[in-house]
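Peer 1: Here are the chains, one letter per residue:
Number of protein chains: 2
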Amino acid sequence: MLSGSNRNDILSVEVPLGDRSYQIEIGPDQIDTFSQTVLSTMSDLTHVLVIADAAIQEPWANRLIHSLSTSLRDDATPLRVSSISVPSGETSKSISQLSELWQWMLDSSTDRRSVVIAVGGGVVGDLAGFAAASFTRGIRFVQVPTTLLAMVDSSVGGKTGINLPTSKNMIGAFWQPSLVVIDTDVLSTLPERAYLSGLAEVIKYGVIDDAEFFAWLEANASGLVARDDGTVRAAIAESCQSKARVVGEDERETSGRRAILNYGHTFAHAIEATVGYGQLLHGEAVSIGMQMAANMAVDLGICEPTLLPRQTELIQACGLPTTFPEANAEAMLPVMQRDKKVSHGKLRFILPERIGSVRLVGDIDPSSVVKAIESCR
Amino acid sequence: MLSGSNRNDILSVEVPLGDRSYQIEIGPDQIDTFSQTVLSTMSDLTHVLVIADAAIQEPWANRLIHSLSTSLRDDATPLRVSSISVPSGETSKSISQLSELWQWMLDSSTDRRSVVIAVGGGVVGDLAGFAAASFTRGIRFVQVPTTLLAMVDSSVGGKTGINLPTSKNMIGAFWQPSLVVIDTDVLSTLPERAYLSGLAEVIKYGVIDDAEFFAWLEANASGLVARDDGTVRAAIAESCQSKARVVGEDERETSGRRAILNYGHTFAHAIEATVGYGQLLHGEAVSIGMQMAANMAVDLGICEPTLLPRQTELIQACGLPTTFPEANAEAMLPVMQRDKKVSHGKLRFILPERIGSVRLVGDIDPSSVVKAIESCR
Ligand SMILES: NC(=O)c1ccc[n+]([C@@H]2O[C@H](COP(=O)([O-])OP(=O)(O)OC[C@H]3O[C@@H](n4cnc5c(N)ncnc54)[C@H](O)[C@@H]3O)[C@@H](O)[C@H]2O)c1
Ligand SMILES: NC(=O)c1ccc[n+]([C@@H]2O[C@H](COP(=O)([O-])OP(=O)(O)OC[C@H]3O[C@@H](n4cnc5c(N)ncnc54)[C@H](O)[C@@H]3O)[C@@H](O)[C@H]2O)c1
Ligand SMILES: [Zn+2]
Ligand SMILES: [Zn+2]
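Going line by line, the protein sequences match chains A and B.
Just so we're aligned, residue 1 is where the first sequence starts under full-length UniProt numbering, counting upward by one.
Just so we're aligned, residue 1 is where the second sequence starts under full-length UniProt numbering, counting upward by one.
The reader is advised that the hints may include incorrect statements.
Negatives, chain B to chain A, calculated, CB over 10 Å [unchecked claim]:
no.	residue
1	Val298
2	Thr322
3	Ala329
In the SDA-like style, the derived pairs of lysine to any residue whose C-alpha atoms are separated by at most 20 Å in a straight line are [what the hints assert, rightly or not]:
no.	chain 1	residue 1	chain 2	residue 2
4	A	Lys168	A	Ala259
5	B	Lys346	A	Lys168
6	B	Lys168	A	Ala259
7	A	Lys168	B	Arg112
8	B	Lys168	A	Lys168
9	B	Lys168	A	Arg112
Hint data in this document are derived by calculation from the structure and do not stem from the laboratory.
Even glycine gets a Cβ: it sits at the ideal position worked out from N, Cα and C.
With these hints in hand, go ahead and build the complete structure from the sequences.
Peer 2: Here it is in C-alpha cells:
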C-alpha cells in the first residue's frame, strides 16, 4: 500500500504510457501552490486556459486561478491566464457547450503551446479534455478533479468527450493529460451522497485488480466514510494505481484488457437507463451492479464462495446500496442487449472469480441475467 | 521515378508510420472494384459509411456505393452500406455539418468496427476524417480523393478537421486513414482551373524535396497539362511519396520538419486573406507565393541562381500565374505577422536553397517581405 502519514505528504502515481506517460499527484493543500506544480512539469508554459465547473468557481477554482495569475516564470514574466466557467451537470457535455469553448479558446488567442486546465468533476474533465484534444488538433491539458469519482476514475486514462442528445459519450478522443493534480481538500465541500458514490469505484478496483487493497478497504472502511485525510489519500492513490496499470496495458481499448474496468457497469447502465438518469447516483448503480455480477458468478459456479459476502459487507460499510427493489429485469434486459458487449443475442459480462481477479465471460443466457437482477431486489 | 506504363497499372506508395502505416493506391478504373480493395485491407469489415461531396454523387460516389453494396464478404454476407452527401464547398467544414454527420452516424448504428469512406476533395476529406476521428473516440476511415489537390496533398498525412466561423482549420485531429484509393479517372470531370491549381502542390514537392522529380516535371509539363494518364499517375505517386516521407518524419508537426510543406504558403495565405477567399484558387495563390519566396531567397543571397527561372518556367508551363498585380504588401504584412510562424515581430519563411532543398529562415525583416511581394506584381 502507498501511504502518506503526514498531513503534507504528496503521493505520486505514474500512468505508464511511453512518451505519453504522466504523473498523478495526490495530497492536501495543492490548490495554492498549483502554479509551481504545473510550471515544474511544463517549463515552457506561457498561457493557461482554466475551465471550471460553475459550482466550484468559489471556493476552489478562483484560488487556483489566483495561484496561476500571481506566479512568475523563470524569466520573471507572468503567466497569461484565461478562465471560463461551465454550468454544472451532465447537460454541459454537449455540442453547444463544446462549440462555445472552442470559440472562447480562439478568442483567447490559444495556440499550440497553451495548456487547458480542467477543474471539476467528470463532466468538466471530459468536456474540457475533448476541447483540448481537438483545438488545433490537440493541445496539452491538466486534470484537477474535484469529485471522488473524477479523482479515482474519470481524470485518469485519457477518455475525453461529449454526449449526443440520445447517447452518452458517443463523441470524443483518447487524449491523455500531461498531469493530474488531486487536492484532497476539495472533497470537503462535496455532498455526502456524491462522496460515498465515488467509493463504489474504489471498491471496484479491489475486486477486479487487487486483493490486498480490498482487505485494506475492509479494515479502513470507517475511516474512509469519515473522510479521514490519510485514509482517503491512500485509497485514491491505490485506485489510481490500479486504473493506471490497466490503462497502461490497453490505452485505446483494443486488447480487451480495459474492459475489466466495466465490472458491475453493464448492470449499472441498464439500471440508470430504466429508472431515469439522476434518481440513483452512478456509484450507487455500480454498487448494485457489482452485486448482480457477483451473484451471477456464484450462480455460474465460477466464483470463490467468500467473495459475495465480503463484497456485500464492504459496500454496506461504505454506506452504499446492495439491493434495488425497483429493479425491473424485463426493462433492463433489452437495454443490456443493445450494449456493445453483446454478441449474437447472448450476453457478455465481466465476472469475478475471486477477490482481485475478474474475467470476461461470454455466451450468457438471458435467463441467468434475469436471475442475477432478481437476486438483488 | 515510379511509373506505370500500362493503362491498368496501379502504383502503390506507403506512408511509413509504424502501426499506423497505410498504402496509397493510385491508378485508373478503381471505383468499380473499390469494395475488393477495401475488403482486402480490412477483412473484418461489416459496415461502411460513405460520405460524399454532393457534386460528385453522380457520376462517382454512386458507382462506388454500388460496388460496396453488391460485394460479398468471405462468409458470403453482404456489407452494410450507409451513405450521405455533403454540400460542396468550404462552408461544409463547419460545426453544424459535423454535428449532422455525428447524429447520422449514430442513427446508422455505427460502432467501433464501422469504417468511414470520404469521397470528394479536401473539404469532404477533412470533414469526414474528423467525424471518423471523433466518433466513439475514433473509427477507421478511407480517403477517396477526387480533386488533384486532395490526391497529392490533403488525403495523405492525417490532418483532419473543420473551421471556426472566423478561422480556418482550428478544430481537428491528427487521424491517419487506413487506406487511400486514388482513381485517376475521376479527374476527367474536374474543371480545368481546379485541375491546374492542384499542379501547384505537385511543383512544390519538386522544389522542397526532390530535384529529380522537378526535372521530370519540366520534361513532362505538357503531358501533365493535357492530363495524359500515365504522366498524371506518375506525378501523383511521386507527390504522395514526398508527402509520405515528410509526414513519416514528423507525423504531428512537432519536430518542425513538416513545416517544409508550407513552402509558398505564408505568402499564399496572406494573398487569399486579402483578396477574399475564392477569387484565386488555392493552387494559384501557392504558385504566386512560391515565386515570392524564391525571390526573397535570391534577394537574401541564399538561393542557387538557376532556381528562380526554372521555377518560373515550370509554373507557367502548368498554366499557373507567377505574378499578381493586385498584391498589396501593406494589407498582406499584418496577416503574415499574425501567422503562427512569426516570433517576436520578425518573420519566418520556408525558403529554397536549390531545387530539391528548402530550409526555415527566421529573423526576416518586414522590408524584405515587402520587397518579395512587390517583385511579383
Ligand atoms: N473519462 C472517463 O474515463 C470517465 C469515467 C467515468 C465517468 N466519466 C464521466 O464523468 C461524469 C460524472 O462525473 P462526476 O460524478 O464527477 O459528475 P459531475 O462532474 O457532474 O460532478 C457532480 C456534481 O458535483 C459538483 N461538484 C464537483 N466538485 C465539487 C466539490 N469539490 N464540492 C462540491 N460540489 C462539487 C458538480 O458541480 C456536480 O454538480 C459523467 O459524465 C461520466 O460520463 C468519465
Ligand atoms: N488535410 C490536409 O492536410 C489539407 C491539405 C491541404 C488542403 N486541405 C483542405 O482541403 C480543402 C480544399 O480541397 P479541394 O481543393 O479539394 O476543395 P473541395 O473539396 O472544395 O473541392 C473543390 C471543388 O471541386 C468539386 N469536385 C471535387 N471532385 C470533383 C470531381 N472529380 N469532378 C468535378 N468536381 C469535383 C467539389 O464539389 C468542389 O466544388 C480546404 O478546406 C483545405 O483546408 C487540407
Ligand atoms: Zn463508473
Ligand atoms: Zn496548399
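Peer 1: A separate judgement is required for each hint: does it hold in the structure or not?
Peer 2: So, going through the hints one by one against the coordinates:
1. Val298: At roughly 32 Å from the nearest Cβ of chain A, B:Val298 sits farther out than 10 Å, so the non-interface label holds.
2. Thr322: holds, 32 Å
3. Ala329: With a cut-off of 10 Å, B:Ala329 remains clear of chain A, as the shortest Cβ separation is near 25 Å.
4. A:Lys168 - A:Ala259: holds, 17 Å
5. B:Lys346 - A:Lys168: Given pair B:Lys346, A:Lys168 is violated - Cα atoms ~47 Å apart, limit 20 Å.
6. B:Lys168 - A:Ala259: Given pair B:Lys168, A:Ala259 is violated - Cα atoms ~38 Å apart, limit 20 Å.
7. A:Lys168 - B:Arg112: holds, 15 Å
8. B:Lys168 - A:Lys168: violated, 29 Å
9. B:Lys168 - A:Arg112: holds, 15 Å
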